[in-house]
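Please construct the entire structure, taking both the sequences and the accompanying hints into account.
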Amino acid sequence: MTHFPPPLHPTKSFVHVVLLVLANSFVTQGWSQNLQDLALKDMEGNAVQTLDLIQQDGPTVFCFWATWCSPCKRELNNYAELYDDWVDETGVKIVAVSVDDQRSVNRVAPYVNSVGWDYDILLDPNREFARAMNVNNVPHTFVVDRDGKVVWSHNNYADGDEYELEEELLKLSE
Amino acid sequence: MMHFNKSIKAVLFMSMAVLLAPQSWAQFQGDSDAPAVSGNVGILWQSYSEDSLIGAVVPPAKSGYNAFANVNYSQGNFSAGIRYESYLNAIIGFPGRFNGSGLGYRFARYNDPEKGIDITIGNFYDQFGNGLVLRSYELRDLGIDNALDGFRLVLKPTSGVQLKLIYGKQRLDFQDGLINGPGIIRAADAEFDVNALVDKWEDKATKVTLSGSFVSKFQEGSPFSVDSLLLAMPENVAAWSGRLKAIRKKWSLDVEYAGKVNDPNADNGFTFRKGEAFMATLAYSQKGFGALVSAKMVDNMSFRSDRDLQLFDVPINFIPAITQQHTYNLAGTLYPYATVIAGETSASADLFYTIPKGSTLGGKYGTKLAVGFAAANSLDTTPYPEDEQASAVLGFERQSWGPGDELYVRDFNISASRKLNKKWKAKYTYFHFDFNTLTTPVTTDYKGIVNADIHVLETQVKVKPKQSLRTEIQGLWVGQDDNNPDLLQDKGHWATFLAEYTWSPHWSVSLLDQYNYGNNVQANRIHHVFGTVSYVDGPHRLSVGYGKRREGIFCIGGVCRATPASNGFEINFSSRF
Numbered sequence: 001m002t003h004f005p006p007p008l009h010p011t012k013s014f015v016h017v018v019l020l021v022l023a024n025s026f027v028t029q030g031w032s033q034n035l036q037d038l039a040l041k042d043m044e045g046n047a048v049q050t051l052d053l054i055q056q057d058g059p060t061v062f063c064f065w066a067t068w069c070s071p072c073k074r075e076l077n078n079y080a081e082l083y084d085d086w087v088d089e090t091g092v093k094i095v096a097v098s099v100d101d102q103r104s105v106n107r108v109a110p111y112v113n114s115v116g117w118d119y120d121i122l123l124d125p126n127r128e129f130a131r132a133m134n135v136n137n138v139p140h141t142f143v144v145d146r147d148g149k150v151v152w153s154h155n156n157y158a159d160g161d162e163y164e165l166e167e168e169l170l171k172l173s174e
Numbered sequence: 001m002m003h004f005n006k007s008i009k010a011v012l013f014m015s016m017a018v019l020l021a022p023q024s025w026a027q028f029q030g031d032s033d034a035p036a037v038s039g040n041v042g043i044l045w046q047s048y049s050e051d052s053l054i055g056a057v058v059p060p061a062k063s064g065y066n067a068f069a070n071v072n073y074s075q076g077n078f079s080a081g082i083r084y085e086s087y088l089n090a091i092i093g094f095p096g097r098f099n100g101s102g103l104g105y106r107f108a109r110y111n112d113p114e115k116g117i118d119i120t121i122g123n124f125y126d127q128f129g130n131g132l133v134l135r136s137y138e139l140r141d142l143g144i145d146n147a148l149d150g151f152r153l154v155l156k157p158t159s160g161v162q163l164k165l166i167y168g169k170q171r172l173d174f175q176d177g178l179i180n181g182p183g184i185i186r187a188a189d190a191e192f193d194v195n196a197l198v199d200k201w202e203d204k205a206t207k208v209t210l211s212g213s214f215v216s217k218f219q220e221g222s223p224f225s226v227d228s229l230l231l232a233m234p235e236n237v238a239a240w241s242g243r244l245k246a247i248r249k250k251w252s253l254d255v256e257y258a259g260k261v262n263d264p265n266a267d268n269g270f271t272f273r274k275g276e277a278f279m280a281t282l283a284y285s286q287k288g289f290g291a292l293v294s295a296k297m298v299d300n301m302s303f304r305s306d307r308d309l310q311l312f313d314v315p316i317n318f319i320p321a322i323t324q325q326h327t328y329n330l331a332g333t334l335y336p337y338a339t340v341i342a343g344e345t346s347a348s349a350d351l352f353y354t355i356p357k358g359s360t361l362g363g364k365y366g367t368k369l370a371v372g373f374a375a376a377n378s379l380d381t382t383p384y385p386e387d388e389q390a391s392a393v394l395g396f397e398r399q400s401w402g403p404g405d406e407l408y409v410r411d412f413n414i415s416a417s418r419k420l421n422k423k424w425k426a427k428y429t430y431f432h433f434d435f436n437t438l439t440t441p442v443t444t445d446y447k448g449i450v451n452a453d454i455h456v457l458e459t460q461v462k463v464k465p466k467q468s469l470r471t472e473i474q475g476l477w478v479g480q481d482d483n484n485p486d487l488l489q490d491k492g493h494w495a496t497f498l499a500e501y502t503w504s505p506h507w508s509v510s511l512l513d514q515y516n517y518g519n520n521v522q523a524n525r526i527h528h529v530f531g532t533v534s535y536v537d538g539p540h541r542l543s544v545g546y547g548k549r550r551e552g553i554f555c556i557g558g559v560c561r562a563t564p565a566s567n568g569f570e571i572n573f574s575s576r577f
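First to last, the sequence lines map onto chains A and B.
The first sequence begins at 1 in the working numbering and counts up one residue at a time.
The second sequence begins at 1 in the working numbering and counts up one residue at a time.
It is possible that part of the hints are untrue.
[What the hints assert, rightly or not] No farther apart than 20 Å at their CA atoms in a straight line, the calculated lysine to any residue pairs in the SDA-like style are these:
{"hint": "1", "chain 1": "B", "residue 1": "Lys462", "chain 2": "A", "residue 2": "Ser70"}
{"hint": "2", "chain 1": "B", "residue 1": "Lys427", "chain 2": "B", "residue 2": "Pro441"}
{"hint": "3", "chain 1": "B", "residue 1": "Lys249", "chain 2": "A", "residue 2": "Trp117"}
{"hint": "4", "chain 1": "B", "residue 1": "Lys164", "chain 2": "B", "residue 2": "Phe124"}
{"hint": "5", "chain 1": "A", "residue 1": "Lys41", "chain 2": "B", "residue 2": "Ala205"}
{"hint": "6", "chain 1": "B", "residue 1": "Lys427", "chain 2": "A", "residue 2": "Glu81"}
{"hint": "7", "chain 1": "B", "residue 1": "Lys274", "chain 2": "B", "residue 2": "Glu388"}
{"hint": "8", "chain 1": "B", "residue 1": "Lys156", "chain 2": "A", "residue 2": "Asn46"}
{"hint": "9", "chain 1": "A", "residue 1": "Lys73", "chain 2": "B", "residue 2": "Gln467"}
{"hint": "10", "chain 1": "A", "residue 1": "Lys73", "chain 2": "B", "residue 2": "Gly288"}
{"hint": "11", "chain 1": "B", "residue 1": "Lys156", "chain 2": "A", "residue 2": "Gly116"}
{"hint": "12", "chain 1": "B", "residue 1": "Lys419", "chain 2": "A", "residue 2": "Val115"}
{"hint": "13", "chain 1": "A", "residue 1": "Lys41", "chain 2": "B", "residue 2": "Gly116"}
{"hint": "14", "chain 1": "B", "residue 1": "Lys164", "chain 2": "B", "residue 2": "Ala196"}
{"hint": "15", "chain 1": "B", "residue 1": "Lys357", "chain 2": "B", "residue 2": "Lys274"}
{"hint": "16", "chain 1": "B", "residue 1": "Lys422", "chain 2": "B", "residue 2": "Thr367"}
{"hint": "17", "chain 1": "B", "residue 1": "Lys419", "chain 2": "A", "residue 2": "Gly116"}
{"hint": "18", "chain 1": "B", "residue 1": "Lys423", "chain 2": "A", "residue 2": "Ser70"}
{"hint": "19", "chain 1": "B", "residue 1": "Lys287", "chain 2": "A", "residue 2": "Met43"}
{"hint": "20", "chain 1": "B", "residue 1": "Lys422", "chain 2": "B", "residue 2": "Val463"}
{"hint": "21", "chain 1": "B", "residue 1": "Lys427", "chain 2": "B", "residue 2": "Tyr501"}
{"hint": "22", "chain 1": "B", "residue 1": "Lys207", "chain 2": "A", "residue 2": "Met43"}
{"hint": "23", "chain 1": "B", "residue 1": "Lys423", "chain 2": "B", "residue 2": "Gly358"}
{"hint": "24", "chain 1": "B", "residue 1": "Lys164", "chain 2": "A", "residue 2": "Asp37"}
{"hint": "25", "chain 1": "A", "residue 1": "Lys41", "chain 2": "B", "residue 2": "Ile473"}
{"hint": "26", "chain 1": "A", "residue 1": "Lys73", "chain 2": "B", "residue 2": "Trp503"}
{"hint": "27", "chain 1": "B", "residue 1": "Lys115", "chain 2": "A", "residue 2": "Gln49"}
{"hint": "28", "chain 1": "B", "residue 1": "Lys115", "chain 2": "A", "residue 2": "Val48"}
{"hint": "29", "chain 1": "B", "residue 1": "Lys156", "chain 2": "A", "residue 2": "Val115"}
Hints are computed from structural coordinates only; laboratory data are not their basis.
See the structure below:
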């Protein structure tokens, strides 16, 4: 009499495979997040690959924000006061990624220009980039090194958080 | 169980592909394309206590628990991921039918930007243009998710051209796993960058993008009778749109026109009228100043992959509201406007100006001003007076693209914010709403136009370099009841007080009190107090709250859902890895 192996239990085998996949990548690199390469539009309507924004001579900061998000605007307005100094000291570039959907995306350019931000602005109206970066809610800030690896991130903004970011940027520029 | 096994199989298949990926794909990638695992987690737990004063009831399970985790694997151009979701039971205010644990989302994707090819199987989100004919998206905090499930191909055959092809069904429900709606969606979109395609336009200062979409839905249907006529139910419903975007120096123009064939559905009372929509935005901005004007006409554009469903269920398209999404408590949650789905004509204008620093009005640091106005009315329509049968079959006739007589909403707001000195910041905002609660039923207490004035004073003081205290004092005053001058409209006057103390980079404590001090009914003049303590460490955030939540409208990013009153504890955890 031939003995057949028991049928594969879908749930068990699923867990098994997922664990294998995770173990496999953990051994290779560990838990880490790289900047995802997606095509987004800037305020002039140009298509921009997100990886092309990474600087080689300084850190790059990606801030997810929206025109309806008060802490986001506080964060980016506070950074704006320090931005010139940060650029001089650390060579940083800030990319502000708006997750405004179609209801408010047309307000992004008039708002940004009226407050005079010197950041690169990207539009992510259906949150494709935010989703790829696992952003649950805004504001969410990422510091990315020249290899595209996320080296620091912060969810939420409270006044004073800019000092922690500044320390991080100084460390990276050493 | 069928769907659950199916999704398990799909994930098994994709996981196998992922498992093989490091070996088979590594040869095509450089060493920099090492495999990576990332994801996020969100957990929300609430306990419920009875509170007859605010109308809070305790569900049988006495608590609610919503959780999700995304786990994404990527290597080079390949990525795959799953989202595991739990509703045990769903938090009050979420779609109550969401139940159980399982996979709500799974996908595998190959995206090669250099070759211009991007293929996804499984779940995905996408948007064509402004979304007037297709938008699938998620707002996790509101339980809104109309993810597509099928196949998507994005091609960029040459510089300046992007083509999209989509086939799929849409997420409708969650019962131990994803449940899709019955309709099949077939969609295509093409976008042309004129400057990249036409040699003469290459160096022009004006940048022009032209695009067009076609979306078709199939759903089985049976003939039905209207006014003694037996009518065939259209099973295939097509919608299309054309768009123009032009940018020249400080100016930008965005225009979209969309149409839809006859589509009897629950939103239009199963009439055969065709759908039409038009929206246009003109914006101007320069350093220190920005302005925009928008106009929109939407007529019978409800488009779903199940014609019998309404509200948040399986919308194929997205029609944004003309008004701003307000964030202050009283302005954002009592009378939030959403597009009237049957149709409306609307317009808005916004102005942003920074009074330069050093001037008399601007002060030492400059003053930021913002003014907004938006209005929406009914369509300019008439029924078919001589022909009742035509009215029953076609609904109404539209006379023009202009506004009709019935007011839906008027929203005026103005704000000024200024840094006063190194320690203090202040912002004052005034709102005026005329809000039709018959056409946007945000309250059951009043039927008519509510006239509301709202004043908000927000201040912030830096106590120490990393500690600050922010406060909001808000007041909302409504007009007199049209039918009884002794009474106030709706729930009467409100006041809200918020204080938030933050210790950067980890801790914050906040206290919110919404006080309905001017309610017509003495017993309803209640304080709704809610306190929160939260701890943030990089991408991880934990908050614990306790108190009373008013019944009302909870909005995120422009979409709102009604939530019942509740009283109890709330624990919220969010993380990214």
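Tested hints:
Taken as a hint, the Lys462 (chain B) and Ser70 (chain A) pair is honoured in the structure, with Cα atoms around 17 Å apart against an allowance of 20 Å. Distance check on the hinted pair: Lys427 (chain B) and Pro441 (chain B) sit about 31 Å apart at the alpha-carbon level, beyond 20 Å; violated. About 17 Å separates the Cα atoms of Lys249 (chain B) and Trp117 (chain A), which keeps this hinted pair within 20 Å; it holds. A distance of roughly 13 Å separates the Cα atoms of Lys164 (chain B) and Phe124 (chain B); the hinted pair therefore holds under the 20 Å criterion.
The hinted pair formed by Lys41 (chain A) and Ala205 (chain B) meets the criterion: a straight-line CA distance of about 18 Å does not exceed 20 Å. A C-alpha spacing of about 18 Å is found between Lys427 (chain B) and Glu81 (chain A), which places the hinted pair at or below 20 Å, so the restraint holds. Distance restraint check for Lys274 (chain B) and Glu388 (chain B): the Cα-Cα separation of roughly 18 Å lies within the 20 Å cut-off, and the hinted pair is therefore satisfied. This hinted pair checks out: Lys156 (chain B) and Asn46 (chain A) have alpha carbons roughly 15 Å apart, not beyond 20 Å.
Proximity of Lys73 (chain A) to Gln467 (chain B) is assessed by CA-CA distance (about 18 Å); at most 20 Å being required, the pair is judged to hold. Pair hint Lys73 (chain A) plus Gly288 (chain B) holds up; C-alpha atoms about 16 Å apart against a cutoff of 20 Å. As the CA atoms of Lys156 (chain B) and Gly116 (chain A) are separated by approximately 34 Å, the hinted pair breaks the 20 Å bound. Between Lys419 (chain B) and Val115 (chain A) the CA atoms are separated by roughly 13 Å; this keeps the pair inside 20 Å, and the hint holds.
Between Lys41 (chain A) and Gly116 (chain B) the alpha-carbon distance is near 16 Å, which keeps this suggested pair within the 20 Å criterion. For the hint linking Lys164 (chain B) to Ala196 (chain B), the alpha-carbon distance of about 19 Å falls within 20 Å, and the restraint holds. For the given pair, Lys357 (chain B) sits about 54 Å from Lys274 (chain B) by alpha-carbon distance, which is inconsistent with the 20 Å threshold. Of the pairs offered as hints, the one joining Lys422 (chain B) and Thr367 (chain B) holds, with about 15 Å between alpha carbons and a cut-off of 20 Å not exceeded.
At roughly 16 Å between alpha-carbon atoms, Lys419 (chain B) and Gly116 (chain A) fall within 20 Å of each other, so this suggested pair holds. A hinted pair counts as satisfied when its Cα atoms are at most 20 Å apart, and Lys423 (chain B) with Ser70 (chain A) qualifies at roughly 19 Å. Taken as a hint, the Lys287 (chain B) and Met43 (chain A) pair is honoured in the structure, with Cα atoms around 14 Å apart against an allowance of 20 Å. Taking the CA atoms of Lys422 (chain B) and Val463 (chain B), the gap is about 11 Å. The hint holds against a cut of 20 Å.
Our distance criterion of 20 Å between C-alpha atoms is met by Lys427 (chain B) and Tyr501 (chain B), whose separation comes to about 17 Å. Note on Lys207 (chain B) and Met43 (chain A): the hinted pairing holds, with a Cα-Cα distance of about 12 Å set against a maximum of 20 Å. Of the supplied pair hints, the one linking Lys423 (chain B) and Gly358 (chain B) holds, its CA atoms being roughly 18 Å apart against a limit of 20 Å. For the hint linking Lys164 (chain B) to Asp37 (chain A), the alpha-carbon distance of about 18 Å falls within 20 Å, and the restraint holds.
Of the supplied pair hints, the one linking Lys41 (chain A) and Ile473 (chain B) is violated, its CA atoms being roughly 38 Å apart against a limit of 20 Å. Pair hint Lys73 (chain A) plus Trp503 (chain B) holds up; C-alpha atoms about 19 Å apart against a cutoff of 20 Å. Taking the CA atoms of Lys115 (chain B) and Gln49 (chain A), the gap is about 13 Å. The hint holds against a cut of 20 Å. In summary, the hint linking Lys115 (chain B) to Val48 (chain A) is supported, as the alpha carbons are separated by about 15 Å, within the 20 Å threshold.
Distance check on the hinted pair: Lys156 (chain B) and Val115 (chain A) sit about 36 Å apart at the alpha-carbon level, beyond 20 Å; violated.
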